Structures are given as C-alpha cells and as structure tokens.
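Novice: Okay, here's what each chain looks like letter by letter:
2 protein chains.
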Amino acid sequence: MNGLPLSSKLHDLDDLRLNDLVIVMVSPRNPLNIGAAARAMTNFGVHRLRLVECYAPAFREARSAVGAADVLKSAEDFGTVAEAIADCARVVGTTAVRDRDLQHPVRTLGQKSGAEIRNQMLAGRVAILFGSEKYGLSNSDISHCHWLLRIPTHKTNISMNLGQAVAVCLYEIARATPVKGVKRKGMKQPGVKAETERATVGAAEMISELLLENLRKSGYVKPGNDAMVVKKVRRLVLRLDLKALDAKILLGMVRQIAWKLKQAEK
Amino acid sequence: MNGLPLSSKLHDLDDLRLNDLVIVMVSPRNPLNIGAAARAMTNFGVHRLRLVECYAPAFREARSAVGAADVLKSAEDFGTVAEAIADCARVVGTTAVRDRDLQHPVRTLGQKSGAEIRNQMLAGRVAILFGSEKYGLSNSDISHCHWLLRIPTHKTNISMNLGQAVAVCLYEIARATPVKGVKRKGMKQPGVKAETERATVGAAEMISELLLENLRKSGYVKPGNDAMVVKKVRRLVLRLDLKALDAKILLGMVRQIAWKLKQAEK
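Line by line, the protein sequences give chains A and B. In case it helps, this note's numbering puts the first sequence at residues 16 to 281. In case it helps, this note's numbering puts the second sequence at residues 16 to 281.
Treat the hints as calculated values from the structure; they're not laboratory data. The model shown is predicted, which means the values in this text are computed figures rather than measured ones. Among the clues, some could well be false.
Copies of the same chain look alike in the list, so a pair counts if it works inside one copy or between any two.
Listed next, the in silico DSS-like pairs over lysine-lysine satisfying Cα-Cα at most 27 Å (straight line) [claimed, not checked]: (1) 149 - 88; (2) 149 - 170; (3) 170 - 127; (4) 170 - 88.
Let's have the full structure, built from the sequences with the hints guiding it.
Specialist: As structure tokens, this is what we get:
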C-alpha cells in the first residue's frame, strides 16, 4: 500500500440521528422502491418517512425491506403534499431534469448543498421530496418547494432508480456538517448557532390560502387562471422565507382583510 | 432564497467516461440488483461490468433495467475472481463489516478515497468488487484485493442494498478529481502526471502461482495449510505493489527457480 495515506479512524454515523429530516415519497408505485428507500434511511440515520398518494398494496408489500421494519412501521400516509410537509420549515424537491423551465433555484447534490440542508435543519424540519418512478415530481408538487436538488449524472442516463436516488442523497446529507455561511471555509463547528426559527410550510400555506381567497374576492383571479395564480401565490410566499414570528404577523393581516372582504359581501 | 448561495453552474458528468473503472459483482443472485447496478453505472459514466459465478437466469432477467441495456449487453461473465480482475492494476473490495479481523487496509468511502481511486486509475485499470447480497465478499475474494472500501453507515443497519451500495460508490468516484498526493491541497489539475504503470493483477497472480509451486516443492507448504499459504502468498505479492517492469523481472526469477526445482525432481 505504498504511498496510500490510510485514515487510521474509520468514520461512522453511529451518533447521528437526523430527527429533523423528513423523506417524502410522492405517488411511489413500486413496493421495492419504498422498501429500498426505507432501508437506505436506516443506513444513514434517518427515520421519518412520509408517503403521499401511496398505492396501498405498494405500502403493505414494502414492509419486508431488510432492516427497515421500524421505519416502514412508523411511516405516515398523507393525501396531499401540503399535508405531508405542513410542519416543515424547508422543502427541497429532487429532479433529474436539466433544462425544464423551472421557476425554482436548482442546486447540484454535493458537499455544499449537503451542508446547506444540514444547516437549514438548524432552523426547523427539512423535507426532501421524491417523485414517482415514472414521472418524478409534478409542477404542482414542485410549487411547494423552496429549491430543487439534482444529482450530477451522465447524459447517457440522467434518470436514476428511485431507491438509489434516495440512497445517494442521504449518503451526502448524512456525512455533511452544518456550517453557518457556506462560503466561510476553515470555520469550525463551535461558531455555529441555530438559525432564526423559520415559519413552517403549513403556516406559509395558511397565508397563501387566505391571500388567494382575498385575491379571488378582489377580482385578481380571472376565470381560467385560478390554477396558475395558486402556484404563483404559493411560490411568492415561499420566497418571502418568513421567520416564524413574521408569519404570525402576516397571517393576522391577511385574515383581517379576509374578514373585511367577507363583510363587504353582505 | 435569502442567503442561499446558489452555484450558477450545474455540474454534470457528461464529459466523463471512466474507461479504467471495472465493476465486478461476485455471485449476485437477484436480477434486480444486477440491473440496478448497471443502471447506476450509466448514471455515472461507467460501462465495464463483470460478473463472477453469476446465476444464469439472474443475468438474463437483468437485461431489462432502465437505460442500462448497453452495459448489460456488454457485461462479461467469469468463472473466478482471478480471471475477472486479471487485467486490472488495482483491486478494491467493498465491505460492510466493521471489525472483522481483516488483514487488509480499510478506508471509508469519501472525498479522499474517491480521489485515491481516480488517482490509481491513472496507473491502470481499477476493479471495485461487490459481494453477494447475502454474504458479501468471501475471505478468498478479499485475498485478491489491495484494499477495502466501507460506506459510512449508522449502526442501526450497516448492511446496504447491493444496487444502492454500487450507486453510492459510483456517485463518489465519478465526482472525484484525481490528484497526485492527496495531502497536497490547493494543487490544481495541470500538475497531475500519470503514475508509473503498475503490474496487472494477472501478472501478480502468475508470480504468486509460480512462487507457490516453488514453495510446495521446497516443503514450505505443510499438509493441511495449503489454502492458507495460497492467500498468504497472494496478499504478499499484492503488497509488493509491483511496477509493470519489476513484475516482469520477478516473474523471470521465480520461473527460473521453478525450472531448476523441476530439474532437481528428475
């Protein structure tokens, strides 16, 4: 082994428990992929699995994945993406797409983005969304995301197997170390302080819904463009990147306006 | 996206073609895992797949993996590990085991070991060995390896799914950059020069076999310890880390001794 510098210590993740990371699988069809995702979660110290619009038999069959019984047993089933991420402060969507006209920031999976996710976990729960095997995340799913994550791949085949994509993302996130201010290299751990607590996506969604109600009543929403305005408003509110306190204040404001508009209808 | 530094350029592996990386799957049983490994290979620019003692139906069924038809079609089937790696200069075994009494150096998968593998590819083909789903690599398989690679995992479940383990390893190796002398940080690419050409494992194996023959004839091998001496000699020769030229010289020497010992028998 001439010249091969060997690390004397083997790194493991035994002390890691990523309580604030939530894996959300949207419309998974293949039980093997759900099982594989759950298994990768146990490999990398992650245990919160949420399923959206999951085909029931797929969920039941997945319960046999090696070493993943606990994760699968405690997995939660939701009817919509909004419900699955309501208690999260950040939502990251995964995509294989390279040049779809995305209205979201896209980052490549790597040391920097891994550290950023770990960093965002200091300010609240972070959800990572994985779409279905066949179609990935829909535009509507993506409208719930703060940003998108892409695994760097070769053009020959940019589409990864679902279970493998989950494994690669978790491998990168698990070994990352949260560092406040990614650009400041050489900065050590002790300086890290918790980010200001962020509003949950659930709180942001309440604001979006009341704001939408107000916009509908005010004639901003024209016939036929409702779906488009829904996404536009949701993206806007996510971009505001509200702190928890500010979300409360803003919610009070739009609620008051909603009340006034309702009065005016009488 | 306040404060989130976004890389303006998305990294891709389009120009990557890891011709000198060989993925060797030893005794894989599940066609889904062979297919998944092949798919991950196409995702990360790797295309040489070799199978050892592969259960024939598993191989045939695997041919349907998404985007991996070419890799599966050109996959080669071998009867023994020695044959599968004969043209390689380095052999790296993968293991989940943490404290088995291994006589091999073990390194954790990460940026450093990824760069080291890329570096070793400058001096010849590098094989990465993956064992069967159930048992991993045997001691005999491992005796062919220069060193071992472990994916950092959580104690809850140290055993990864085979296809996911391949994906995680290739993700790390694909994005690494070969740098001569891993410790010299800040060194840029242009300074990298090809390592001295290393002997192939096939050449080392020829030396081992002739040396063994000589040892048997010389009474070094006692009844009952033949299998042990086989592994001992193989490991010794691998540790010599022979340059291609030195391997030729040494082979000439042991061949000459073998000839002499044969003469002496007459």
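Novice: Evaluate each hint against the coordinates.
Specialist: Outcome of the hint check:
no. : hint      : result
1   : 149 - 88  : both (25 Å within a copy, 24 Å between copies)
2   : 149 - 170 : within (18 Å within a copy, 33 Å between copies)
3   : 170 - 127 : both (22 Å within a copy, 25 Å between copies)
4   : 170 - 88  : between (37 Å within a copy, 19 Å between copies)
Going down the numbered hints, you'll see the structure goes against none, and every one checks out.
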